[in-house]
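Protein chains: 2
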Amino acid sequence: MNLPSRLLDDAVEAFAGLPGIGRKTALRLVLHLLRRPEEEVSAFGEAIARMRREIRFCRICRNASDQDTCSICSNPARNTGVVCVVENLRDLLAIEHTGQFNGRYHILGGVVSPLDGIGPEQLAVEELEERARSGEIREALMALPPTIEGDTTIHYLAKRLESHRIPVTLLARGVSFGGDLEYVDELTLARSIATRRPYAPEGASEGGSASGEGPR
Amino acid sequence: MNLPSRLLDDAVEAFAGLPGIGRKTALRLVLHLLRRPEEEVSAFGEAIARMRREIRFCRICRNASDQDTCSICSNPARNTGVVCVVENLRDLLAIEHTGQFNGRYHILGGVVSPLDGIGPEQLAVEELEERARSGEIREALMALPPTIEGDTTIHYLAKRLESHRIPVTLLARGVSFGGDLEYVDELTLARSIATRRPYAPEGASEGGSASGEGPR
Numbered sequence: 001m002n003l004p005s006r007l008l009d010d011a012v013e014a015f016a017g018l019p020g021i022g023r024k025t026a027l028r029l030v031l032h033l034l035r036r037p038e039e040e041v042s043a044f045g046e047a048i049a050r051m052r053r054e055i056r057f058c059r060i061c062r063n064a065s066d067q068d069t070c071s072i073c074s075n076p077a078r079n080t081g082v083v084c085v086v087e088n089l090r091d092l093l094a095i096e097h098t099g100q101f102n103g104r105y106h107i108l109g110g111v112v113s114p115l116d117g118i119g120p121e122q123l124a125v126e127e128l129e130e131r132a133r134s135g136e137i138r139e140a141l142m143a144l145p146p147t148i149e150g151d152t153t154i155h156y157l158a159k160r161l162e163s164h165r166i167p168v169t170l171l172a173r174g175v176s177f178g179g180d181l182e183y184v185d186e187l188t189l190a191r192s193i194a195t196r197r198p199y200a201p202e203g204a205s206e207g208g209s210a211s212g213e214g215p216r
Numbered sequence: 001m002n003l004p005s006r007l008l009d010d011a012v013e014a015f016a017g018l019p020g021i022g023r024k025t026a027l028r029l030v031l032h033l034l035r036r037p038e039e040e041v042s043a044f045g046e047a048i049a050r051m052r053r054e055i056r057f058c059r060i061c062r063n064a065s066d067q068d069t070c071s072i073c074s075n076p077a078r079n080t081g082v083v084c085v086v087e088n089l090r091d092l093l094a095i096e097h098t099g100q101f102n103g104r105y106h107i108l109g110g111v112v113s114p115l116d117g118i119g120p121e122q123l124a125v126e127e128l129e130e131r132a133r134s135g136e137i138r139e140a141l142m143a144l145p146p147t148i149e150g151d152t153t154i155h156y157l158a159k160r161l162e163s164h165r166i167p168v169t170l171l172a173r174g175v176s177f178g179g180d181l182e183y184v185d186e187l188t189l190a191r192s193i194a195t196r197r198p199y200a201p202e203g204a205s206e207g208g209s210a211s212g213e214g215p216r
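First to last, the sequence lines map onto chains A and B.
For the first sequence, counting from 1, position 134 maps to 134 in this note's numbering; every step adds exactly one.
For the second sequence, counting from 1, position 207 maps to 207 in this note's numbering; every step adds exactly one.
Rather than coming from a laboratory, the hints here were simulated on the basis of the structure.
Values in this document were obtained by computation on a predicted structure and should not be read as measured data.
You may find that some hints are simply not true.
As the list claims (entries may be wrong) - Below, in silico cross-link-like pairs of lysine to any residue (SDA-like), each with a Cα-Cα straight-line distance of 25 Å or less:
1) B:K24 - A:S134
2) A:K24 - B:E46
3) B:K24 - A:R160
4) B:K24 - A:R23
5) A:K24 - B:A47
6) B:K24 - A:E54
7) A:K24 - B:L93
8) A:K24 - B:E121
9) B:K24 - A:A16
10) B:K24 - A:S163
11) B:K24 - A:E162
12) A:K24 - B:A43
13) A:K24 - B:K159
14) B:K24 - A:L93
15) B:K159 - B:E121
16) B:K24 - A:I21
As the list claims (entries may be wrong) - Label pairs and their in silico Cβ distance ranges:
17) A:G99 - B:R53: 38 to 48 Å
18) B:Y183 - A:T147: 13 to 23 Å
19) A:E54 - B:T69: 35 to 45 Å
To be verified - Chain A residues, not near chain B, derived (Cβ > 10 Å throughout):
20) E13
21) L93
22) S113
23) E139
24) S163
25) D185
26) T195
Even glycine gets a Cβ: it sits at the ideal position worked out from N, Cα and C.
In isolation and in its complexed conformation, chain A is listed as follows (with noise of 0.2 Å):
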């Protein structure tokens, strides 16, 4: 569609290149903004810009912040010695919407991926292990995605953690395998937080193993 403008041409275009927003639903979007008061689109703008200008990512485990120190590991009401492992942020906030989970967390940044060339130099894995290093973890709670990345990166991290004797649990399997956690019901994630156990790696005495794909 030819546009008559290009002003409106270029804010369309911006819409169109977010996921999930093709060139239709953007115009709509731009029309929308053209019939409000300006100062309210220059602030929309103004929103999204000062986000990604000024947002900080927590130096402990590197949410994202308004400070140096995300609202969650400077809060004192929260157990610091457990610490939930995750992939990202959107999963961070997956696990805080249960509320069933009181500890801190230490965001990755990715999963072991050799396929697509991320190994574990490319992840917070040495600022991980530098939590553990400094006392601060009492346990860590592998919540990284139902995957073999994800399998593989939690049996990376276990043996990185094993000598300093943190106990590594995992979600229980409950979470179906290859699906995405931010999509997982609030249930089943909210019970898997709950019912985590001990990680026992491949073909120990367990029975059902780490991997959980054993005959049931």
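On the provided structure of chain A, position chain B as indicated by the hints.
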């Protein structure tokens, strides 16, 4: 959902204020932008704000434009004598998109709707009559929504244009009653431009009345 950062929350609220975007989608968009380079996000916000700040409305037809006169009104290849009266910019774009209309436009800015307190004085009716008075218009094609309000508006405009002896034409009633022009399929819309017919008030000799709701 409680977000760990005020900045994040402001950005989510900004997106969630747009039509058709809920808080969950808004959060997804914000987290996407959080991963993009700062310059890109800044350019996004600026493109939106700049669009609203700098866009002008054509002094002839009120189309969105980068200049005082829009690209349609300033195009010498267009037939200046035929003016298509539309409710808003979206409908103008829908008609332009068919490629069937080569005249100019007149954006009313709404339709007469006593229930919503919208009278002719809130619409660009005076401006339309001024264009008629100047001798610019040889035909006024009413491409208003096929609703009671649209028909009322057409009736009113036809009366206003009567004294200037300007023939008023209508889109052929191929478009369904109660619909939204923007969502009419392209073929129907294109054909209804090609088969437009003279305006005949209710009960005229033509058989089918202008509002086209008589027995078949």
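Checked hints:
no. : hint                        : verdict
1   : B:K24 - A:S134              : violated, 37 Å
2   : A:K24 - B:E46               : holds, 21 Å
3   : B:K24 - A:R160              : violated, 36 Å
4   : B:K24 - A:R23               : holds, 21 Å
5   : A:K24 - B:A47               : holds, 17 Å
6   : B:K24 - A:E54               : holds, 22 Å
7   : A:K24 - B:L93               : holds, 11 Å
8   : A:K24 - B:E121              : violated, 32 Å
9   : B:K24 - A:A16               : holds, 18 Å
10  : B:K24 - A:S163              : violated, 41 Å
11  : B:K24 - A:E162              : violated, 38 Å
12  : A:K24 - B:A43               : holds, 21 Å
13  : A:K24 - B:K159              : violated, 36 Å
14  : B:K24 - A:L93               : holds, 11 Å
15  : B:K159 - B:E121             : holds, 15 Å
16  : B:K24 - A:I21               : holds, 14 Å
17  : A:G99 - B:R53: 38 to 48 Å   : holds, 43 Å
18  : B:Y183 - A:T147: 13 to 23 Å : violated, 40 Å
19  : A:E54 - B:T69: 35 to 45 Å   : holds, 41 Å
20  : E13                         : violated, 7 Å
21  : L93                         : violated, 6 Å
22  : S113                        : holds, 16 Å
23  : E139                        : holds, 22 Å
24  : S163                        : holds, 31 Å
25  : D185                        : holds, 14 Å
26  : T195                        : holds, 24 Å
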